[in-house]
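K.L.:
Sequence:
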Amino acid sequence: MRSGIHGAAAAAAVGVLVVTAGGWVGYRQLAGPDCSGKIELSVAVASELAPAVDEAASEWEEKGAAVDGTCIDVTVAASDPVEVAAVVSAKHGATLAGVGQASGTAVSPDVWIPDSSSWLLRLKTGGAAAFEPGNGASIASSPVVVAMPEPIATRLGWPQQELGWTDLLTRVNSDRPLKTGIVEPTRDAAGLSGLLSLMTAASAGGETAEQDRIGALRALASGASALRQDLLAKFPTSTDSTTLASALGAAALSEEDVIEYNARKPPVPLAALYLKPAPLPLDYPYAVLPGIEPAKASAARVLFEALTTTSFKNRLAARSLRAPDGNWGDGFNPPQGAPSPAGGDASARPPAEGGVAAGGLAPDAVERAVSSWSIATLSGRMLCVMDVSGSMRKPVPTANGATRQQVTVEAARRGLNLFDDSWSVGLWAFSTNLDGARDYREVAPTGPLSRQRGTLERALDGIESSSGNTGLYDTLLAAYKDVQQNWEPGKVNSIVLFTDGKNEDEDGISQRQLLAELKKLRDPEQPIQVIIIGIGDEVSKSELDTIAEEGAGGYAFVAADPTKIGDIFLRAIALRKAPA
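Each residue of the sequence shown is one higher than the last, beginning at -7 in our numbering.
For the record, the hints were derived by calculation from the structure and aren't laboratory data.
Treat each hint with caution, since some may be false.
Claimed, not checked - Below 35 Å or equal to it, Euclidean Cα-Cα: the simulated DSBU-like pairs (lysine-lysine) are:
| no. | residue 1 | residue 2 |
| --- | --- | --- |
| 1 | Lys386 | Lys257 |
| 2 | Lys494 | Lys483 |
| 3 | Lys556 | Lys473 |
| 4 | Lys288 | Lys55 |
| 5 | Lys83 | Lys512 |
| 6 | Lys494 | Lys533 |
| 7 | Lys483 | Lys512 |
| 8 | Lys257 | Lys171 |
| 9 | Lys533 | Lys512 |
| 10 | Lys268 | Lys226 |
| 11 | Lys483 | Lys116 |
Turn these sequences into a full structure, and let the hints guide you.
P.N.:
Take a look at the structure:
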């Protein structure tokens, strides 16, 4: 859409507000006397920041925005970061757990200003290896806080008592737990930041660390919401004890969320708890997406300058947002206890130079948190198929001498601990001639963990390497048939196969036969997701890719360093698609 301005009226800068299904979009069309032509620059901005960006761009254009004598026409669209992430990931070949597919009409913008650099990091680690956006510097910020109804926060000592994430973890995992919630962290940056902080606190728990981590994940999952507005609606609407006890008691949100919520004068205001250590803030990176024309890239650089002025800082304050350094402009109304670097409070953690992703986020920690969350919240029926050929006895230099078999078993055990009782899991082992002439044998039948968790744990304890070779093709075909025969509606039905070698069964089927059989068996009404994890440097990545992608419509991963199997296993499971 365009503003539809023609003739002499087009000589002036005009702002138009258009309401669309996705929110408002600001348009300006310029044709000043000192410039000719037009550079059209599309900018997708996180919804809470979009009005400030649009106002600054409008002012910039009124002063004669141009590059080398060419006018600049900026379109600012308020966009949910997860929706833009879906578009960008599809364009660059990335797969992000929990994000889903882009709509058929969605178009990648020239400049993207999401609420967090974590989106840029997830795209890169999710498979978009060549994804190198320009700039990436922060243009705004908002601390991530724990939002809590004031009566509950007061009982915990707020605002006088300083609380930490360990304190919150203790209350989440207590006999009378605090009712917690979260916006899906695979789709919300503030939710992801809160999850990372809670998982970090759990990891410091010594012998109870794993138990604390799983307990916190399941507590958060029980109060999860797909949308931020849905989560906010769960907070209490009355101060009576019954309502307070049954409503949401705590959730990781942005400071801006809390300010805006309280501005509506709710019956029960929210306290913003700035827990220590401070979680990663929302940092609103200015990302010039790769592949845009040089003229647009030049226009984007000039627009960025307009978003780093003192006047823009004040525009941010009017939207309950801070400047990139954590300070705020005129008119900002901070919550009680809000830290500010201007006041010498070192706990007010500003984004790193170049955005948080450049200096504050550990890619493996993000992947682990996102994957763990996806597993804890998406039930499934899984057949785990484990290579026990002779080569699995090889020691892993980076694992203190543990064998490939031991490292793989431990990865499977960690995954099993994350699965709740709604999961159904089975275990096979395979080599060559492992059960008479068959290359595979059932170690534990696939069944609900509610009744066979102990059986599976003992079965994993009993896994030992054989003296055989790798009977990959016959085993995978048999596993596929087994899962298809026992397919369970309403769950993600999957096969996860671990192997450290190529197919070595000379008496078995060929790769061509395997692919033909798998394609013949595939049924869109009963989808089976096949995940193959190659271990070590003796596997053929091309072979695994062909089998997983062409034959079974799944994924193949290779852990060249077997100590990384656990993280790859979590990520692979997290990429499963929920049943339609």
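K.L.:
Taking the hints in turn, state whether each one holds.
P.N.:
Evaluated hints:
| no. | hint | in the structure |
| --- | --- | --- |
| 1 | Lys386 with Lys257 | violated (65 Å) |
| 2 | Lys494 with Lys483 | holds (31 Å) |
| 3 | Lys556 with Lys473 | holds (29 Å) |
| 4 | Lys288 with Lys55 | holds (19 Å) |
| 5 | Lys83 with Lys512 | holds (30 Å) |
| 6 | Lys494 with Lys533 | holds (10 Å) |
| 7 | Lys483 with Lys512 | holds (22 Å) |
| 8 | Lys257 with Lys171 | holds (23 Å) |
| 9 | Lys533 with Lys512 | holds (24 Å) |
| 10 | Lys268 with Lys226 | holds (25 Å) |
| 11 | Lys483 with Lys116 | holds (29 Å) |
Violation of the numbered hints given earlier is confined to hint 1; every other hint is satisfied by the structure.
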